[in-house]
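Peer 1: Letter by letter, the chains look like this.
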Amino acid sequence: MSVQVEVPTVLRTFTAGERSIVGDGQDLQGLIADLETRYPGLSERILEDGKLRKFVNVYLNDEDVRFLDGLGTPLADADVVTILPAVAGG
Amino acid sequence: MLRISQTLVNQIVAHAVTDHPDEACGVIAGPTGSDEPQRFIPMLNAARSPTFYEFDSMDLLRLYRQMDAAGEEAIVIYHSHTATEARPSQTDIAYASEPNAHYVLVSTRPDQSEAPPLEFRSFRIVDGEVDEEQIEIIAP
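From first to last, the protein sequence lines are chains A and B. FYI, the numbering for the first sequence is 28 to 117, going by the working numbering. FYI, the numbering for the second sequence is 2 to 141, going by the working numbering.
None of these hints come from the bench; they were simulated from the model. Watch out, some of these pointers could steer you wrong.
[As the list claims (entries may be wrong)] Facing chain B, according to a computed beta carbon distance under 7 Å, are these residues of chain A, among others: (1) Val37; (2) Phe82; (3) Asn84; (4) Tyr86; (5) Asp91; (6) Ala105; (7) Leu111; (8) Pro112; (9) Val114; (10) Ala115; (11) Gly116.
Keep in mind the model is a prediction, meaning the values are calculated, not measured. All residues carry an ideal CB built from backbone N, CA and C; glycine is no exception.
Use the sequences and the hints to build the structure in full.
Peer 2: Set out below in C-alpha cells:
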C-alpha cells in the first residue's frame with residue numbers, strides 16, 4: 028500500500044530535508060521497515076525494542092495509532108501517516 | 002534572542018499562575034521562518050501534574066494541522082515549573098524536539114520575593130544542548 032508519510036522537522040535530517048515522503052507497507056510495522064531501507068536511522072527514532080516509542084506520536088489519517096492497532100494498524104493506498112514528537116517535559 | 006511583546010509575556014505568566022500547582026504549557030505561533038511570536042495558544046496539560054506536562058496527542062495533531070494551514074510554526078513552546086527554577090530540567094532537555102523553537106520557562110514556585118515578577122527565561126534546546134538566551138520586549 029503506497030502511503031504518504033509526514034515527517035516532523037527534527038527527523039528531516041534522515042530524509043535530506045524532505046517533509047513528505049512515500050512508503051510501502053501492509054501495516055505500520057511494514058511501512059517503517061520500508062522507510063528504513065531508504066532512510067536509514069529513521070526507524071530507531073520511532074521504535075524502541077520493536078515497539079512504538081512512548082513520546083513519539085504516530086497518526087493514521089486523523090487518528091492516533093495507539094487507539095487503532097499500533098504497529099499492526101493496516102494501511103490502505105493514499106493513507107497519510109503523520110509523525111509528531113510529543114511536546115512534553117517536566 | 003527571543004523578541005516578544007509584553008502582552009504575550011503577560012499571557013504566559015497568567016496561564017502559569019492560573020494552572021498552579023499543575024504545570025501550564027502552550028505554544029506561541031508565528032509565521033514560518035519569521036521567528037516572530039504572534040499567536041498565544043495555551044494548551045491543556047494532559048498530565049495535569051505539578052512535575053510533568055504533555056500535550057494530548059490529538060490536541061497536538063490539531064495544533065500542527067492548524068498552524069500548517071495558517072503558514073505558521075511554533076515559535077515559542079512554554080511551560081511552568083511549580084516548585085523549581087525556570088530552567089530546563091533533564092526531562093525537558095530529553096523531550097525537546099523542536100529545534101527551531103524558543104523554550105520559555107516560568108517559575109510559579111512560592112518562595113520568590115513579591116516585588117519582581119515571576120522568574121521568566123528563554124532557552125534554545127538543540128540536540129540535547131541548552132543555551133539560555135536574552136529576552137527583548139519589543140512592544141506593549
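Peer 1: Run every hint past the structure and note whether it holds.
Peer 2: Here's how the hints hold up against the structure:
Given hint, A:Val37 at the interface with chain B, holds; its Cβ is 5 Å from that chain's nearest Cβ, closer than 7 Å. Given hint, A:Phe82 at the interface with chain B, holds; its Cβ is 6 Å from that chain's nearest Cβ, closer than 7 Å. Using the Cβ-Cβ criterion of 7 Å, the hint placing A:Asn84 at the interface with chain B is satisfied: the shortest such distance is roughly 5 Å. Residue-level restraint check for A:Tyr86 holds (minimum Cβ-Cβ distance to chain B is 6 Å; threshold 7 Å).
For A:Asp91, the interface hint holds, since its Cβ comes within 7 Å of a Cβ in chain B; the closest pair sits about 5 Å apart. For A:Ala105, the suggested interface contact is broken, since its CB lies about 18 Å from the closest CB of chain B, more than 7 Å. Using the Cβ-Cβ criterion of 7 Å, the hint placing A:Leu111 at the interface with chain B is satisfied: the shortest such distance is roughly 6 Å. At about 3 Å, the closest approach between the beta carbon of A:Pro112 and any beta carbon in chain B falls short of 7 Å, and the interface hint on this residue holds.
Checking A:Val114 against chain B: minimum C-beta separation of about 4 Å stays under 7 Å; hint holds. At about 4 Å, the closest approach between the beta carbon of A:Ala115 and any beta carbon in chain B falls short of 7 Å, and the interface hint on this residue holds. Because the smallest distance between the Cβ of A:Gly116 and any Cβ of chain B comes to about 4 Å, under 7 Å, the interface hint for this residue holds.
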